[in-house]
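Dock chain B against the given chain A, drawing on the hints supplied.
Here is how the chains run, residue by residue.
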Amino acid sequence: MNKIVSKVVFSDRVVSFEIEAPLIAKSRKAGHFVIVRVGKKGERVPYTIASSDLKKGTITLVIQRVGKSSQKICDLEVGDSITDMVGPLGQATHLEKFGTVLCAGGGVGVAPMLPIIEAMKKAGNRVVSVLAARTKELIILEEQVRTFSDEVIVMTDDGSYGEKGLITTGIEQVIQREPVDQCVTIGPAIMMKFAAQMTKKYNVPTIASLNTIMVDGTGMCGACRVTVGGKTRFVCVDGPEFDAHQVDFDEMMMRLKAYN
Amino acid sequence: MEYLQIERNQPWRESLRKNMKNKERLQLARTKMPERDPDVRSRNYQEVNLGLTHEQALAESHRCLDCVNPTCISGCPVGINIPKFIKNIERGEILEAAKTLKETSVLPAVCGRVCPQERQCESQCFYTRKLKKEPLAIGYLERFAADYERESGEVSLPEVAPSNGLKVAVVGSGPAGLAFAADMVKAGYRVTVFEALHELGGVLRYGIPEFRLPNDIVEVEIESLRKMGVEFVTNCIVGKTISQEDLREEKFKGLFIGSGAGLPNFMNIPGENLIGVMSCNEYLTRVNLMQAIDPESDTPVYKGKKVAVIGGGNTAMDAVRTARRLGAETAMIVYRRSEQEMPARLEEIKHAKEEGVVFLTLHNPLRYEGDERGRVQRMLLQRMELGQPDGSGRCRPVPVEGDTAWIEVDEVIVSVGVSPNPLIPQSFSGLEVTPRGTVVVNAETMQTGEESIFAGGDIVRGGATVILAMGDGRKAAKTMDDFLKIKA
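Chains as they are written, first to last, in numbering that gives the first Met the number 0: chain A, 0 to 259; chain B, 0 to 487.
No lab work stands behind these hints, which were simulated from the structure alone. Incorrect hints may appear among the rest.
Said to hold, decoys possible - Using 20 Å as the maximum straight-line C-alpha spacing, the simulated SDA-like pairs for lysine to any residue come out as follows:
id	chain 1	residue 1	chain 2	residue 2
1	A	Lys-67	B	Ser-296
2	A	Lys-230	B	Val-39
3	A	Lys-256	B	Ser-426
4	A	Lys-40	B	Asp-215
5	A	Lys-28	B	Leu-365
6	B	Lys-302	B	Val-39
7	A	Lys-230	B	Leu-365
8	A	Lys-256	B	Lys-302
9	B	Lys-305	A	Tyr-258
10	A	Lys-71	B	Pro-294
Next comes chain A alone, as it looks inside the complex (with noise of 0.2 Å):
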C-alpha cells in the first residue's frame, strides 16, 4: 500500500515521489491534495497532488524539505510505503478558457501551483507564469514550469538569478504590458497577501490557494479555518482555492504561528 515506485531529487531541498494510489489517481484533479502520515507517530500533513498516472495508477507529490514532517517523507527511498495517505481532498482548481491566466507562485508555493499551471494551459489559456523566491537556491521546478508555460519571469529578491525585485514587481510587468483575465497564486502567506493587493489594486481576478494547518483534513476539526468575505471557510473542504481579494490574510497569517 502506497508505495514509492520512484524518486526524483531536483535539489537538496525539493524532492519528487512517484507513489502507488490507483483509486486517488483515478478519481484526482487538478489543485486536489493527500494527507500525509510517515510512521505511527507522525503527523497527518496535506501536500498537492503534482500529477498523476491512471495507467500505473500512481500519483506523484513533490516535497520541499522545511520542518519535521517534510524531512521524514524527503528520506524516504524507492520501496518504502507511506504509513498513511488519504485523498483526493479539497475542492478541484475551477478550469475554463479565461484567456490569459498569469500563475504567481513563490517558494514553496510553486510545487502545488504546478498541476494548475498545466491544467490552465489545457484548458486553453495563455500561461504567463512568474516563479519567485529570496534567492537563486529557493527557485525550484523551473523546467517543469516551463514546460507549461507560454512565458516564465523569475524574480530573486537579491537578485542572483533571474531580475531582481519582488513577485509583485513581475506580478505588475505583466499586467501592465498585457491584459490579464485571471490570475492564482500560491505561496507563503504574506506573499499572497501582496500579491492579492497587487491585482485588486488591477482588478484581475485572483484565486489563492491556502496552506494552513491542518489536523485531519476532511472538514472534522475547523483547524483549517480562515475568513474568506466575512464568513469562515474551512480550507480543506471549502478549499484550498478562494477569492484572494476576499481573504483575511492577516488573521491566515496569524494563526499559522500557533505551534512556533
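Structure of chain B alone, referenced to chain A:
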C-alpha cells in the same frame, strides 16, 4: 415478550429466584464503582473507573428481582435481555452473561462504559420507577461481563451464517457502522467498511478519551468483527476516494451510511479565531487520535494553564478533563444553562468535579481577546438566568442585563455541539438532506430516498449517543437483509 418469558421460566432462573427472597434482595444497597483517586487520576490517562470485582458483581446481581415484566429492557435502545445477563452473573456463568449481551449488542464493553444508563435502562428499573430507590447498576454489570470475557481470552464469536454471496458496503467505522456490519456479517453477507481516517472506531477512537474508553477495548471489539469476516479499509473516503458509482460497479448491493457528525460547531463570536481557541473535535483529535500527549508523537497540542471549555455535554466533560490532565491549573466549564440542564452523563459531571474542574454554569461567552501575537488572553462572560422553556423543553437561558465579567484564559475549547459531516450529503445523488445537514430516512426502516441506501447514527440524528447509533445500525441491518432477500 414470549421469548423473555421462555427464558425466565428456565429451571436455572427459577432456582435463582428461590435461592434468595425478594425481601432480602431489596435490603442490599447499590454497589459503588471503585474509582481511581481524583488527585492521582487527574494527572494521567488511566481509566478512571476500575470496574467491579467478581464479589461486587455477584452482590449487585442479587439485587435484581428478575421481574415478570422487565421494564429495564424497554429503556435499552438495542433491547438487551438484561435480566438474563444479570442472572447469568448471579449463577457464576460470566461467559454466558457476555454471550447474552452479544446477542444484541456488538460493543458491550463500550456501552457499559459510555451509555447514559441513568436515562436509559436504569431509569426504567423497578427500583427507580416503583420504589424510588437507586436502580440496579446495569451499566457496571455490563462492563463487568464484557471485561471478564475479554480478559479470559475466551471471547465468544457469534455464529456466522454461510455466505449468501451478496456484498454490502458501510461508510464509517463508528458505532453505527460497526453495529450494522456485525449483524450483516452474521447474516452471511460480505461486508466492507470504508473509514476516512487512518484508525478505526470513529468517535470511539478520536472522540472519547483513554481515561473513559481505552483504545485497547475498541480494538478488541473491532478484531472480533475482523474474525467474523468483516473487511475494513482505512484512508478511504466514500465520496472522494471512491464514488457512489464505483460502489455500484463493485457490485455492492446495499450501502449503509454511518459517517457521523464530525463537523464542529462554532459560536461565531468575535475572537473565535484567535490562537488557542479551537473546536472540541480538534482538541480531542490531537490528543486521542494523534496521541499528541506522547512526547514522541509529531502532532502538537496547545497545553493551556487556564482553560475554558464552552458547553455542557459529554464532549465538553471529556475536553475539560483532558485539559486537567495536560496540566491546566484552572479548568473551567462554561455553560449557559444550569447544571440540571446539562446533557452530560451524571458520572462525567461527578468525575469532573472530583478532578477539580470549576463549573461556571449560567454563563455564556460574548467574545475573546488576545495579545499582539494573536494568542487568546481573556474571555468576556455574560451571566444568564433561566427563562421560559424552549423547543427542547428546557428553560431558555436569558442574559442578565449588564452582568458581564472578564475571565483570564489561555485556551478555549468550543464544545457546543457537532453537525453531520457534509461529504456524503454533498457527493451522493438521491439523498434528501435537511437544512441541518442530516440525511432523511424512514424512521422504521432507516432507508433513505434511494432504496438500497440506508443511514443511521449521527448523520441522521445530529450529535447523539453511541448506543442510539448502534440501535440504528441494527435496525438498518434487519431491514436491508429483508429488502435484499426479496430482491434476490
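Structure-based check of each hint:
1. Lys-67(A) to Ser-296(B): holds, 11 Å
2. Lys-230(A) to Val-39(B): violated, 44 Å
3. Lys-256(A) to Ser-426(B): violated, 34 Å
4. Lys-40(A) to Asp-215(B): holds, 17 Å
5. Lys-28(A) to Leu-365(B): violated, 42 Å
6. Lys-302(B) to Val-39(B): Answer holds: Lys-302(B) to Val-39(B) is near 19 Å, not above 20 Å.
7. Lys-230(A) to Leu-365(B): holds, 18 Å
8. Lys-256(A) to Lys-302(B): holds, 15 Å
9. Lys-305(B) to Tyr-258(A): Holds - the C-alpha atoms of Tyr-258(A) and Lys-305(B) are around 18 Å apart, at most 20 Å.
10. Lys-71(A) to Pro-294(B): holds, 17 Å
Hints 2, 3, 5 from the earlier list are contradicted by this structure; the remaining hints agree with it.
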